Amino acid sequence: MAQIPLPEEARRAAEFIRRADIVIGIPSYNNSRTIGHVVQACYAGLAKYFPQFTAVVVNSDGGSKDGTKEAVLGARVEDRHLLLLSTPLLAAHRLSFPYHGVPGKGSAFRLVFQMARELEAKACAVVDSDLRSITPEWIDLLLRPILSAGYDFVAPYYHRHKYDGTITNSIVYPLTRSLYGLRVRQPIGGEFGVSGRLIDRYLRRDDWETDTARFGIDIWMTTIAIAEGFRVCQSFLGAKLHDAKDPASDLSAMLQQVVGSVFMLMDEYQDGWRKVTGSQPVELFGFRFDVGLEPVPVNLDRMIQAFVHGCRDLSEILAQALAPETYREVASLAQRLASGSRSFNIEDRLWARIVEDFACAYKERAIAPNHLLRSVTPLYLARVASFVQETETMGSAEVEARIEELCLAFEEAKPYLIAHWDRLAIPSRAGRKRGAMAPGPDPRAASREVPS
Amino acid sequence: MISTFEQILQGVFQRLQYHLVTFLPPLLAALIIFVITLVIALAARWVLYKIFKGLTLDQFLRRTGVAYMIDSSGRLRATRLVAETVYWGLLLTGVLVGLSVFNSDLTTQITQSFVFLLPKLVVAGIILLAGAWLSQYLGRSMLVWAVNENLPAPRRLAALVRVVIMFVAVVVTAEYLDFARNVFLAAFIILVGGAVFGVSLALGRGMGGGMHRFIEEKRETEPAPTAERSLWDHL
Chain W
17 MAQIPLPEEA
27 RRAAEFIRRA
37 DIVIGIPSYN
47 NSRTIGHVVQ
57 ACYAGLAKYF
67 PQFTAVVVNS
77 DGGSKDGTKE
87 AVLGARVEDR
97 HLLLLSTPLL
107 AAHRLSFPYH
117 GVPGKGSAFR
127 LVFQMARELE
137 AKACAVVDSD
147 LRSITPEWID
157 LLLRPILSAG
167 YDFVAPYYHR
177 HKYDGTITNS
187 IVYPLTRSLY
197 GLRVRQPIGG
207 EFGVSGRLID
217 RYLRRDDWET
227 DTARFGIDIW
237 MTTIAIAEGF
247 RVCQSFLGAK
257 LHDAKDPASD
267 LSAMLQQVVG
277 SVFMLMDEYQ
287 DGWRKVTGSQ
297 PVELFGFRFD
307 VGLEPVPVNL
317 DRMIQAFVHG
327 CRDLSEILAQ
337 ALAPETYREV
347 ASLAQRLASG
357 SRSFNIEDRL
367 WARIVEDFAC
377 AYKERAIAPN
387 HLLRSVTPLY
397 LARVASFVQE
407 TETMGSAEVE
417 ARIEELCLAF
427 EEAKPYLIAH
437 WDRLAIPSRA
447 GRKRGAMAPG
457 PDPRAASREV
467 PS
Chain B
365 MISTFEQILQ
375 GVFQRLQYHL
385 VTFLPPLLAA
395 LIIFVITLVI
405 ALAARWVLYK
415 IFKGLTLDQF
425 LRRTGVAYMI
435 DSSGRLRATR
445 LVAETVYWGL
455 LLTGVLVGLS
465 VFNSDLTTQI
475 TQSFVFLLPK
485 LVVAGIILLA
495 GAWLSQYLGR
505 SMLVWAVNEN
515 LPAPRRLAAL
525 VRVVIMFVAV
535 VVTAEYLDFA
545 RNVFLAAFII
555 LVGGAVFGVS
565 LALGRGMGGG
575 MHRFIEEKRE
585 TEPAPTAERS
595 LWDHL
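Chains W and B, in that order, are what the protein sequence lines are.
If you count the first sequence from 1, you need to add 16 to reach this note's numbering.
If you count the second sequence from 1, you need to add 364 to reach this note's numbering.
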């Protein structure tokens, strides 16, 4: 695949700046309302925690028409005198460029990474432009493990409302954890810290124009970092409060991009994840504290209806994608709901099998990938509805414990996945207990101390 | 009387002999050619099965999705398709070569017509095959989209897409083969016109109802700005 060169404007800026230790990337598209605050937080973070480093803040824009660029370049950083413990030695540059290629977050990240490589940055952080809860400490938490402790990839760790981040909670986290054996709690969080070494690796790859170019970028970055043995850690950032997504954005398209990226990388790294059993915790930095969270309203009836209708109308695809036993269970569940019953539960074991069956169907190309991945939506909504019903009265700790149970179900179902993946006989589940799993791979954790 | 009877019998035998001498050798030759071709076709089919099986072509085509273009269920294997096509192609060639042995006007005409038509038939087959695949693919795209958009009767919409595309393929094929082109064209125009009319009616009715509900809801209460957020905010 042809490499997209750095846009002329960006190349000239890089030539002018020549070198920078830190690059902070902010992808945007019509975020003039919030991006100013994000830029201010980045500046304050750089000034407060990294005064001795040269830094560049790069806004990679998707062609905003609402004055996002002006908001970035015009953001006044007045907090310095409130935050500084020492005088900054070097001022941070501020740039805003439109990215080229497929419109999406992934393409925006590519421009940021290209700039980071061009400037020979030691570390790069990326943060979303719609954040309302970002503080200067986020910059420290995302960059410090790389600059001071030799980590390559810093994933975020947030407190989120129990109904927020359900693609993460029900698919991406359990599946990624069971596959690669590391418990990265927010693999598609949106804010990351990346070392120069890992950026080089990302830019050498040739799959930037796939789903990676859009919402698939987060899981793509996380998976490559884990699967290729880069040093991975997490930083606790507090609460993630951000603007509601565009209501016109399509859930099934989002699912397609995220889940498609997971499945695509499963195929690539199959030799690695086959050998992994169980999972291990990942180093978590930052002081953990409880925060108030915005409630997320859910429309249970609409989700259930989507499931019932989806099962009826997509039966042809689902029957082909799912194993016969799994399909029978899903169909009987839909039938019960269609006949008026309102109590239902998609068990963890069944959900794990559904996801794994879809992964195998994706590998087999039995159905066109876009049809297959978009057919996940009704089942995903059913799982979310089931989860909402089950956790209605639960507090956040209980919900977290519940998600842990789901992850263990995915880990237990891994032999099924491998057998199905290889089209071999499904091994007996007898004798496999949760506690009896073999230890996972070396999480590559080194120093637990991160000097601040 | 007897001599007349003898003459008639002689005539019959002479004609029989003439026919035997004239047609039996070519018939035998044609039969031999057909049998040889049958043996070659059977052997070719067997070899193709073995070769493609050895090359795991089926597996390759299934993995790349090519096999499913031909049959959405994936039951039809590409190896079988290739082997059977070669088998029937060889058999047909044998029949035509066998017929040409007779060297009569009729057999020559049949052979010539077939040779002349064959490329056109092949192209027509390809057009129909491509139409079948496209109708399957777009029909399924419509189905999945309609389900996720919660549209009414997604299966019917998908079926409509399939029928329209298949019909386009048939019209193009008929046009290409110069076969009843006006009939197919007229039917196609009627079908598309009907479909557009139906969609317009459905849209009109749907939008009318939707507008009515919207106005009613607006009148009753202002909807909460985050009411529908949950479905779209799951990352």
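Please keep in mind that the hints were generated in silico from the structure rather than gathered at the bench.
Keep in mind that this is a model prediction, so the values were computed, not measured.
By construction, the Cβ of each residue, glycine as well, lies at the ideal position given by its N, Cα and C atoms.
Among the clues, some could well be false.
[To be verified] Restraint-style ranges between C-beta atoms, simulated for each label pair:
1) B:R444 <-> W:L219: 29 to 35 Å
2) W:R439 <-> B:D469: 55 to 61 Å
3) B:W410 <-> W:A435: 40 to 46 Å
4) W:R344 <-> B:V479: 25 to 31 Å
5) B:R444 <-> W:S331: 25 to 31 Å
6) B:T449 <-> W:N361: 30 to 36 Å
7) B:G557 <-> W:P114: 41 to 47 Å
8) B:D542 <-> W:S331: 39 to 45 Å
9) B:R545 <-> W:N361: 36 to 42 Å
10) W:G79 <-> B:R520: 47 to 53 Å
11) W:F360 <-> B:T449: 47 to 53 Å
12) W:E284 <-> B:D542: 32 to 38 Å
13) B:W410 <-> W:E341: 34 to 40 Å
[Claimed, not checked] Just a few of them, taken from the derived set where beta-carbon distance is under 7 Å, the chain W residues facing chain B:
14) E299
15) G302
16) L330
17) H387
18) R390
[Said to hold, decoys possible] Facing chain B, a subset of chain W residues (Cβ under 10 Å, in silico):
19) T151
20) L267
21) S357
22) P394
23) L424
**Message:** Flag every earlier hint the structure violates by its number, smallest first.
**Reply:** 1, 3, 4, 6, 9, 10, 12, 14, 15, 19, 21 and 23
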